[in-house]
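Chains as they are written, first to last, in the numbering used here: chain C, 1 to 440; chain F, 1001 to 1172.
Mixed in with the good hints, there may be bad ones.
[Stated by the list, open to error] Here are the simulated DSS-like cross-link-like pairs (lysine-lysine), alpha carbons at most 30 Å apart as the crow flies:
1) C:Lys334 with C:Lys34
2) C:Lys115 with C:Lys91
3) C:Lys34 with C:Lys47
4) F:Lys1067 with C:Lys349
5) C:Lys312 with F:Lys1056
6) C:Lys62 with C:Lys81
7) C:Lys209 with C:Lys282
8) C:Lys81 with C:Lys212
9) C:Lys349 with F:Lys1056
Simulated from the structure, these hints should not be mistaken for laboratory data.
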Amino acid sequence: MEHKSVLIIGGGIAGIQASLDLANRGFQVYLVEKSPSIGGRMAQLDKTFPTMDCSMCILAPKMIECGHHPNVKLLTYSEVKEVKGSVGNFKVKVLKKPRFVDESKCTGCGICSEKCPIKVPNEFDMNLGMRKTIYMPFLQAVPRVATIDKDNCLLFQKGVCEICQKFCQAGAVDFDQQPEEITLNVGAIIVATGFDMFNPEQIPPFGYKRYKDVITAMELERLLCASGPTGGQLVRPSDGKMPKSIAFIQCVGSRDRREWINNAYCSSICCKYAVKDAVLIKEHDSHAMITIFYIDMRAFGRGFQEFVNRAKAEYGINFTRSNPGEITEDPETKRLTIWFEDNVTRTVKSLTFDLVVLCTALVPRKDSAELAKTLGIETDNYRFFKSPDLISRPVDTTVPGIFACGYCLGPKTGDIPDSVTQASAAAARIAEVLAEVTKQ
Amino acid sequence: MDEAKVGAFPARARADFMHEVANTPRGRGVLLCIQCGRCTNSCPVARTTDEYNPRKLVETVILGLRKEVLLGNLPRYCLSCFTCLDRCPQGGDIGEVMFAIRNLAAKEGNVPEGIIVQAKNLFETGRVVTPTRMALIQRERYGLSKDISIGIDEAQKILKKTSFVELISKKV
Ligand SMILES: Cc1cc2nc3c(=O)[nH]c(=O)nc-3n(C[C@H](O)[C@H](O)[C@H](O)COP(=O)(O)OP(=O)(O)OC[C@H]3O[C@@H](n4cnc5c(N)ncnc54)[C@H](O)[C@@H]3O)c2cc1C
Ligand code: SF4
Ligand code: SF4
């Protein structure tokens, strides 16, 4: 029977798609997700290229299907601790962290969060908005179950409170919940742990964190999103006013070979998301003055060059081929000055903006080396997971029976359609490999 | 450099010039340049004069316009502040490349008058700058010799062996 069960690590769009493909083929799927909800990065996006559909509108039905599928067992707020065995017979130890809320009792009504007195920055909103200490990371979270963040909880830190417990009608809050170790027996594994964003503090002249109105593209996604911390209003963090002039700086931490950064690669999607976000801003405010500073506009893929052309011609977005070296802030007005090379005159000029968006590189998850060690798979020199044969087995890893899909395979992949394609490919590879193992 | 237009590759372009610069000590950075322009917009000189543009100078090297680069005066606009070296995302060390270009230019006899004066000083006195009276008093205070002609022979030997003398006696 174990040949019919699989483990998927990471519940982003790639992990969700792979889970659904395999579950629909009759496999028993265990989906292990580190955070309280599945959804990954796609849940944080506003609209998605290439179709400009609302990201959540495409993702949420898939998340719900995963949550309800009889063949999918969700293990959220959990981590893989140990993997032994080989293809056809892996023994896996999963650590289920205590949420201090009984998943089988919680109805997701949210009264606990409403009553909890402690507010902390919400990671899901890139810390631009606040959440309570007992929380659901976002409205459409799956499972719809609250989680207590122990580090900020009054009861755990100061020994008094228990307000959430008093108000919970379902009696789901359980401060005595213990970590649980679950042992699984699976035939094959898919890794789909996605990516982290490059921290632009590593490039001090851009002033990220020093200047309030220098933000990252992921932060911009949250500011543009109707369910985000500002309800979809694009505002300057410094004064809460709408920015009239906005600059995008491309390749922040991508194609950067300096020793302390060491990302020679092109992240492969930032040009596309920058043009998307610029168009979205124009749709919010057609008078906004937008300039995209780029090195090369890498708008490959069906319809993207045309999209860039439209962004220039129809939306009047400026494209300037110059890679700025620094941002300076006027201490009084908080406006931001960027020096660049004018493309026509080839002379150095400066322009001043209300808001600057850094299009930061996509980098491996912080713990990718550790996870690779647990699984026994190899990584490349950037710490993305490695395929043994990029041409003919692109979703394999260096261990038979362990596959990978989505951005954790590195920038050769890129966007959501690619991640979905790879997820289906990895699911198909599992069906093929396990059929073979069963035959033997 | 008007001839360096797309499609009109000038007859005097030398494809190997980029490698000539790269193979000169400190010149390796040209091979890394992706023409992003960050050096130019970070450069304090380029912000004050339109004549100087480090990215464009590297472009001229890549295009192989040897004569324009080596007989011109542009590499000497560089202040060696090394802001570009700090910021170039390719680790292109463009401030260093300027030294390589200056040295190649010197080989072609392109050395400015002021440098020739300093170089002659170096050969004749063993120093680029002759110590002032104050400096000599200071030396004495620290217990150093007031005789500043010590070591001229050795210095001259080195300068002759490294063909420094030949270099400074050449003129454009
Ligand atoms: C600013 C921005 C805008 C974008 N816009 C678009 C767009 O418009 N259109 C488009 O097609 N693409 C867009 N993308 C790209 C898109 O976000 C990715 O292609 C997609 O999210 C990749 O999905 P994934 O499942 O591989 O990774 P992720 O979405 O990162 O999901 C990985 C999941 O794995 C979990 N995880 C991580 N480590 C572990 C672990 N050790 N154990 C268990 N679970 C773990 C994470 O919590 C997460 O839920 C954008 C990206 C950015 C940065
Ligand atoms: S996609 Fe564009 S912005 Fe991103 S690294 Fe590549 S070239 Fe730079
Ligand atoms: S910063 Fe570096 S890569 Fe960019 S143009 Fe200057 S030398 Fe070339």
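A quick look at each hint next to the structure:
| no. | hint | in the structure |
| --- | --- | --- |
| 1 | C:Lys334 with C:Lys34 | 38 Å, violated |
| 2 | C:Lys115 with C:Lys91 | 42 Å, violated |
| 3 | C:Lys34 with C:Lys47 | 25 Å, holds |
| 4 | F:Lys1067 with C:Lys349 | 29 Å, holds |
| 5 | C:Lys312 with F:Lys1056 | 26 Å, holds |
| 6 | C:Lys62 with C:Lys81 | 27 Å, holds |
| 7 | C:Lys209 with C:Lys282 | 26 Å, holds |
| 8 | C:Lys81 with C:Lys212 | 39 Å, violated |
| 9 | C:Lys349 with F:Lys1056 | 15 Å, holds |
Figure legend: structure checked against the earlier numbered hints; hints not met, in rising order: 1, 2, 8.
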